[in-house]
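**Student:** Listed below are the residues making up each chain.
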Amino acid sequence: MIVLKLTDIGKNYKNTGDVLKGVNLELESGKMYGIMGPSGSGKSTLLNIIGTLEKASYGTIEILGNKLEGYGEKELCDLRAKNIGYIFQNFYLNPYLDAVENVMVPMKINHEIEPKERRKKAECLLKKFGLEERMKHLKSQMSGGEQQRVAIARALANDPDIILADEPTGNLDEDNEIIIFKTLKELAESGKVVVVVSHNEIVKEYADEVIEIIKGRIKA
Amino acid sequence: MQYIINKKREITISVLSLLFWIINLIFAEMSINMLLKVLTAKRTDWFDNMKKVQITEDAFLIKQTELVMETIIIVMFVIFFFSSLTIILVRNLQLKHNLSEIGMFRVLGYNKNRLLGICMIDVITDMVIALPVSVVLSTVIWNKLSKDEMLSFMLTMINDTIWMDILSYVLCAITMMLVAIIHTKFFLERSLKKGVRYMLGEGVA
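First to last, the sequence lines map onto chains S and D.
1 is the number of the first residue of the first sequence in the working numbering; add one for each residue after it.
1 is the number of the first residue of the second sequence in the working numbering; add one for each residue after it.
Isolated chain D, as found in the complex (with noise of 0.2 Å):
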């Protein structure tokens, strides 16, 4: 697609894409991070020692806390989800903008599978420019999160070991990039589809 809508409106498209690209990894990253840190800490000894406290203004705390970190990771999935939907949307703006843009592409000949394998460089590419950038962002915002006295409570209690954010970066970019490849396929099989329909006056009901 990018040889041939034009150049500002390609790069424009391409810019915002990786954007958005860089900010959901960075939820992703932070949001499956937390997840996998809070379901491999050793929770259960954890609550062991919270039986053995009384009920003093300590404990109550600790409780507040584990409420609070709760919401967080509810929230950062939310988070996550939406902004995976937002790039997707935004990475195929291109496509979604004009439908009879891309019924013309194929009434003028143009190759469904080509246009296909176009887009999903695309994608693969955007997560190739998108993951270093934001491995070094979200490495930023965690360590100004981790000051914070509510989330340092928390990860004094789990071990954090490197393997844990390598898997979770790992896990989260491939699960995007799937979800991207096949979201990008079938949207644009059912646009080429609907373009067609529309342009021969048929709606694109």
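One chain only, chain S, in its complex shape (with noise of 0.2 Å):
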């Protein structure tokens, strides 16, 4: 099932011109794609736009078949809660909530799942994840690759169809980084989109397509 389509999308910006230029894509449910490409190539970008935080200057995007033109602030946002999920190299956890006060933050903010269940699907989460000794851990009482975990945990807390991941291992050792591509291939197989950008040639291994991104093109 086509999850995300891209049709002809282009991004400029006034100082740097054409960063993406005619990128066409369609990705499918169940499958990881790797978005490989040298720094300034618009991989980042690329992934930006898909997650909706911006807007291609050109071209159109459809998510789970609905086309995003005329979506305003608020229909984004919603959008994203539902059905993004994002990771990042730097984890972006909350410092003064625990591990899993920060995987019920996109619960409360979707409202789709009942005050009382939010703690007990974070525990969940985390407990997949090998977290269940990191429950009420700070942030700083985290190793890099424990904080990566809990960011997918946040990621996953309200079950998105897509997952969109940049340089998900790019502050972590070798070991964590073989457990984050696992996770994110076993995501992949039980039927999310999952999109990762990365340096890492280990992306290869796990991707089931890689997207070379060259000059803002798809290497064809």
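By construction, these hints were calculated from the structure, which means they are not laboratory data.
Treat each hint with caution, since some may be false.
The list that follows gives simulated cross-link-like pairs (lysine-lysine, DSS-like), each with its CA atoms no further than 30 Å apart [what the hints assert, rightly or not]:
id	chain 1	residue 1	chain 2	residue 2
1	D	Lys185	S	Lys182
2	S	Lys82	D	Lys185
3	S	Lys120	S	Lys67
Restraint-style ranges between C-beta atoms, simulated for each label pair [to be verified]:
id	chain 1	residue 1	chain 2	residue 2	range
4	S	Lys14	D	Ile11	28 to 36 Å
5	S	Asp208	D	Arg114	16 to 24 Å
6	S	Glu73	D	Pro132	35 to 43 Å
7	S	Lys74	D	Thr12	27 to 35 Å
8	S	Lys182	D	Asn113	50 to 58 Å
9	D	Leu178	S	Lys74	23 to 31 Å
Please read all numbers here as calculations on a predicted model, not as lab measurements.
In this text, a Cβ means the ideal position worked out from N, Cα and C, and glycines have one as well.
Hints given; two lone chains; assemble the complex.
**Tutor:** This is the structure in structure tokens:
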């Protein structure tokens, strides 16, 4: 099933000119996609456009069959809250919340899960990623790998169809790198679309498809 | 925001914020009150009287007192503006503290307008609580100061009217609320943009 469809997507900035040009993509559920390319090639911009954080200068995006043209801030917020999970290189966990609370944040924003159920679900997700001993720990009390696993659990809190990861292993050692990529692969196998932007060659081992971007264009 | 940030932190920030509101309102009320009184006093009559008085020790004292009073008013205004600034900073501490947090809220799908609304409610709630407290406190302080020989000298020259007190409170309350709301709105919008950019690895510059 095609979850994400990008047709002739382009992005240009006043200062830097064209960052993306004529990007056409169809991303299917149950697959893990790796986006690779040199620095400044436009891969992060592409991820941000897919994640509705940035608007394309031209072209159309369809997510789950819905064209995003005419979507306002509110609709985009709802879409992000329900359908998209983000994972970042720097984890971005709230330093004042423990692991469980961090995972609960998206559920609070989405409001679709009953308040009583939120904690249970957050604990369940953390257990799934082997973090049962870290539930009450703050960001500062966890290792990089653990923080990233909490961030993955947070990305899954609302059971989104799309998982976007921007250099998810950029700050991790080799062992944790493998754990994270295996986890992302498992998520793809469970039926989600996983898009990973990475410099790391290891992504080629796990991704079902590798999309190479050079100077804003997808390499054929 | 208060529904998301943890409770201890929120309570600390709220208490600090309220405290600064109260302090600010006291200074604001006092300075505006004093300024209104001085501005509306029959200064012409007063100066006419001064002219009639020969250069005596008393006249020298009057001139000196006038100078001191003007200085106090200026100092109070400076304090008023600085404390206003402090309040706004404290009120926004939760937002300013960590830009990536704000960015994360947006990334997670939190509606910007809702976030702005909550911040506005915070500011207005603080005002509503802080206003009566500051009225009581400033009255106490004002009364104590009026015992001072210098201030009582000035006060005897000015017709102290209730409406002026009320007007000064209303003026400072409206001004402070507007400043805080406008500042919160722009600050938050800027922070949201910066926060998202920061998270996307583009820095906060």
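**Student:** Each hint: holds or not?
**Tutor:** So, going through the hints one by one against the coordinates:
As the CA atoms of D:Lys185 and S:Lys182 are separated by approximately 43 Å, the hinted pair breaks the 30 Å bound. Between the alpha carbons of S:Lys82 and D:Lys185 the distance comes to roughly 26 Å, so the proposed pair stays at or under 30 Å and holds. A distance of roughly 34 Å separates the Cα atoms of S:Lys120 and S:Lys67; the hinted pair therefore is violated under the 30 Å criterion. Here the CB-CB span from S:Lys14 to D:Ile11 is close to 45 Å, at odds with the stated 28 to 36 Å.
The hinted range of 16 to 24 Å is not satisfied by S:Asp208 and D:Arg114, whose Cβ atoms lie roughly 38 Å apart. Between S:Glu73 and D:Pro132 the beta carbon distance is about 38 Å. The supplied range of 35 to 43 Å therefore holds. Between S:Lys74 and D:Thr12 the beta carbons are some 32 Å apart, a value that agrees with the proposed interval 27 to 35 Å. Checked against the given bound of 50 to 58 Å, the beta carbons of S:Lys182 and D:Asn113, roughly 40 Å apart, lie outside it.
The hint said 23 to 31 Å for the Cβ distance between D:Leu178 and S:Lys74, and at roughly 26 Å that hint holds.
Hints 1, 3, 4, 5, 8 from the earlier list are contradicted by this structure; the remaining hints agree with it.
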